[in-house]
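Model the full assembly from the supplied sequences, consistent with the hints where possible.
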Amino acid sequence: MIFKHRKVLYRVTFVLSVAAVFMLGPLGGTAPGADSSFDPAAMSDMSDFDPNNFQQPEGDTIKLGYLQIMSGAAAGNGELFWPVVTWVAHDINKRGGIMVDGKKKKIEILKGDTQGKPAAARKETERLCLEENVDLLWGTSGSHTAKAIADVAEEYKVPFLNCLSLSDELMNEKNFNRYTFRTLSNTTQWNMALSYYFSKRPETKFSILCQDYMYGHAMADAFKKYLNKYKPEAEIVSEDYHKLWLKDFAPYMTKIMAANPDILYTADWLPDGDNLINQARSMGVNLPIANIYITNPDTLASVGVEGTRNMIFCYSWMSGDTPQTKAQKKLMKEWHEQWKTWEAPYDSLLYIWPDFVVGQTISDTYWLFDVIQRTGTLDPEKIIKVWEDDVYKAIQGVRTMRAADHQAVFDMYVGEATYPTREVYEGAPYSEGYAGVHKVIKIPQKYCTPPVPEGLKDRVE
Amino acid sequence: MIARITPPAWTRWVLPGIAAAILLGYPLVFGTVYTNIFIHFAIFAVFAASLNMLVSYTGLLSFGHALFFGGGAYATALALENIPGMGLFPAIFTGGLAGAAFALIVSPLLNRVRDTAFALLTLALGQLAYMACIKLRDITHGEDGVGGFPIPDLSIPGVVSVSMVPAQNFYYLAIVILGICLLLMWFLTKTPFGSIMIGIRDNPQRVDFLGFNIPLTKCLIFTLSGFFAGIAGSVYALFNNLVTPDGVFHIMTSFTPIMMVYVGGIGTFAGPIAGSGLMTIIEEIATRYTTQLVLFNGILLVLVVMFFRTGFVGLYLLLKQKLFEKESSR
Amino acid sequence: MTGILETRDLCHDFNGLKVLTHIQFSVQPGERHAIIGPNGAGKTTFFNLVTGVYTPASGRILFKDVDVTKAKPYRLTRMGLGRSFQITSIFQRQTPFQNIRLAILSKNRIRFNLFVRVDRMNAINEQTNEILQEIQLADEAHLPTSTLSYGKQRSLDLGMALATAPDLLLFDEPTAGMSRDESHSAVELIRKLTEGKTMVIVEHDMDVVFSLADRITVLHRGEILATGTPYEIQENDAVKKAYLGESEV
Amino acid sequence: MDPMTFICVTQFVHGLAYGLLLFLVAAGLSMIFGMMDILNLAHAYIFMLAAYLGYTMTGLLNFWAALLLAPIGVALLGMLIERFMLRKIHPLGHIPELVLTIGIGLILLEFVKWIWGTQSLMLQPPEILSGLLSIGVFRYPVYRVFIIGFSIAVMILMGLLFYKTRFGTIVRAATADAGMVGALGINVPLVYTLFFGFGTWLAGLAGVVVAPFLSVFPGLADQIGFDAFVVVVLGGLGSMSGAFIAAILIGLLNSFGIQFLPTLAPLLTFGLMAVVLSIKPTGLLGERQ
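Residue numbers (my numbering), protein chains in the order written: chain H, 23 to 483; chain C, 144 to 473; chain W, 16 to 264; chain B, 4 to 292.
Derived from the structure by calculation, the hints contain no laboratory data.
Cβ atoms here follow ideal geometry from the backbone N, Cα and C, with glycine treated the same way.
Check before you lean on any hint, since a few could be wrong.
[Stated by the list, open to error] Stretch by stretch, here's where chain C covers chain B in the computed footprint (C-beta under 8 Å, at least three residues): (1) 88-101; (2) 146-152; (3) 228-240; (4) 264-274; (5) 278-284.
Next comes the structure, spelled out in structure tokens:
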């Protein structure tokens, strides 16, 4: 509904924008100060959505290139976000599409298999841009593959929504390009939020266990830096880096236990994160584990209530019993209802809620199309103009796209896992058999906004 | 005796001429995507041919050829990143030298083993390079790799300067460099040194008794093979403007040329080139229409080993022979 | 008196099992020397020590007055030692021409030439053809070696040893596994090819030994039993005992 | 007990448990290579298949049934591979074998993805094997104790099979001289097939034992496969006792490395391998070149 009324460029005049804010604000749409917002009321009836059977629209469409790892051992990445992009596309298509260049167009999704390798990512992106003429790019897991995609995006001037790679370097002076927008919290945001959170907690002794490569070290360094800033009295009692795909965590656990910390910090992703918590708990290490990626409900359910109790999660999107917006509640409930009808592979616990990364990417994808809607054209230069400095009231929280470095900034959330969680969604327990996030604290944007890289400060005045 | 009519000399140039014309016109006809696919094919053809020097001509199966390929790729990328004003050809040559240097360094160790032990030792060395590349974050930028380095123009001072960023321009550079590499490797097999290589493959003991220093000879073979693999890696680095451990040092980077050599036809010079072409086509079809690239590769390998041991080139020769026989029987 | 090849106190054992003990052996230039002895006497081990396949447990080997005790086979070959093998050792997948050419390359000290096509090296190819003529394989020069008869393959093995123009030739049972006729022509060939050359031959077949050698050493249980002219050896009691006596006991 | 002693004892047990687990994974690989001269690059994928089978069977029946049945399942698969593929190409030398087994591995990878999906699956040990065992001041996970005991039991079983049974005698004789054994009227190809089945059965055991220890996902083969090769190479190609020593060494080096040389720990295994291979290219106890 809200989309319908905005055929004209939003920010043509200040008056018009103020008028729109006042007109649509009460309808649950745009918050004061935001350029646009997600409208839960506009969401289509999703009862006919099936990620296994996405209906591609025909004719003249908006083409979105979905770039992910779809073959080989890491193909799970490509599978995980397919319901995300198709969900948003299905919703918008059911509403009739988006008015661009004077024509209502529906969203078509074209897959590109990055194989998790930069060379393949580059080739696939090139193919999508040149042969399929995609209008937008969406991706991807792995900062190095995201870099390859960003390069091609720049070359062929196709806007690229990077909602999955978090390396700070990806958007620094050297690697920045105008066509890439990052909506995922970067290394600094994440660790600022966690550090700020710990400054409000009594614990002072921390152990760090991260993966021994660039990402693990970058995360740990940022954590140490900001912990020192927000909580100078905190002490790092042990700091270790284990090799990727470690088999046996026991030696590290013995070491950590000897150091006797209050909190164990890890940035491990799968499968290391899963193995870390599982083996730690089986060895009787019951420390609170502050983490980023050990959020897979499958894993948590397998570790069980006792094991997951007092884990600490940090994300830019979090459900549990956070005070939630209407939009968030509606999305959570709607998705969960639909999930019950999905078939393999989407019937697994992994997809039970659109939480953490799933929620965040859904929200970011909606943002992308909201920007397109408001731009009213697929001209990349105009899209960039609208998106830069855009303030969007997303499904959860307000997100601002910094014009200088195309990094989205927003509030972060840190939550502690407890059990049982209060019933949030009528008739559907949020977590069953494991401790879900609870006691969620919002970390205001000002405490978790990274500085704009020096060289990019003057880019936009 | 009946005087044979010798065809005029120019006819010898018909086929190479047609081939050259196709190569020259290719990017104009097929556009950027297929141009880049061709460059990818050419890079791996040279990489596989450099491995073939060991597999088919010296009888050694290397499972760690990514060591040389990656060494070349990283050398070029790091040189361009850190040395201002580095020229195009010096950068590529640096890659080749790095590949050769890596090979020279490991050759004393490799010289001590043969056969399966050789395969496993090279596997371990390749894996060590992968780990070291991730571990030496300060130099290699870890898993993010070295990217965004300046691609120098192809310039002859005062005469011409061409940007190598457009796919078409890069295509011609790549084709020339990779073509020269293939020619050199082919020529190598025709030299006395090439005969000695084949001798080592078939009967090392006899070669020793003929007065050839096998360890030293193998050292040179490794070095040459490393050099060409390094050049391939170097062109790969320029082509992608990004080298990462997963891209160049990963174990699959070592397996891919083995598959190419085998699928194309082991024991022949054309094998790896045909293999690279075939596997590039399969990858293209598989990723375009399915997400089953790995399955396709697996099935291809099993089929080739079980039913077409001579590979693509062998199959071609067989067909040619069959056709020829039919003709002569008529 | 120094021979072209000399061994001094040469001993060898395999994991403690003594194979050769204190071998004092010497070949003079121009001599045609045969080593005979029953199976297990240590003849092949002796060859392998002399040609650098094994390094002796103790003792020294001198070739042209140079200590080559620890020298590798290729080094000995370069110094002028040629060897043929008991089990034919040739390049089966190549043509006889290519086989011999490799030896000719070595003779011409062409080891690391990466710059010239080998087919265009006319001098090399001519020399190769000469050798092929000599060993009577000119007609089969470009056929796959694996299709040749056993006798011809033996000739090729011999030809490769000859092609490096050695000063001393070692033949390890050159007629092993041959029929009577083949053996006869092989002996003729060897006689012709080694005219005026120094050679050491290990052989079972006494006819071959007596028709080729002018001096004979008898090895028995790792020791030298006797050395002398064929006539002396035939008359030697110890040798008789070793060969005949034992079978009677 | 002073803390350092406590830590050292604990790390020693960790190293032992991990080393024995590695041995269990590598045993079949080493054995098949030693007796049949086949380097089975699909070994790790067969191991992964068994882990998945173990996961499913534990859900359907229980862990013990899985431990019994899943290895038999993969052993049958192994025997089919040997009978209809490897046997045909064995005379052609090593390269086709290596290429073939890579191909089989890739197909198995896609197979498990097709059946079980791409997500990681996690299994808890059965009730009796979960929890902690207390001995004095030491508290140690029961499942890790089980891994130690089980691996040792398997090793003893293998020893008995090779040195006390007729099958073992035949296999050892066939390794020395297959032609001779064949001449004695023994069906050598059948012995090889059974033997290959036995090797894959061991991979199967390892797979089921690993399932409650590591999350089961399509990358499991890559995760553990390379370590198995390190064990085999380091121990000496084809030497069982070498593989055993190498596995324990790697396990201990791993846990003590993590404790005392943390920054180098991930490279220690390679360091050990480089040193051993430079001194003795055939590995610790290997003789075969």
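Hints, verified against the model:
no.: 1; hint: 88-101; in the structure: holds (count 8)
no.: 2; hint: 146-152; in the structure: violated (count 0)
no.: 3; hint: 228-240; in the structure: holds (count 6)
no.: 4; hint: 264-274; in the structure: holds (count 3)
no.: 5; hint: 278-284; in the structure: holds (count 3)
Of the numbered hints given earlier, the model fails hint 2 alone.
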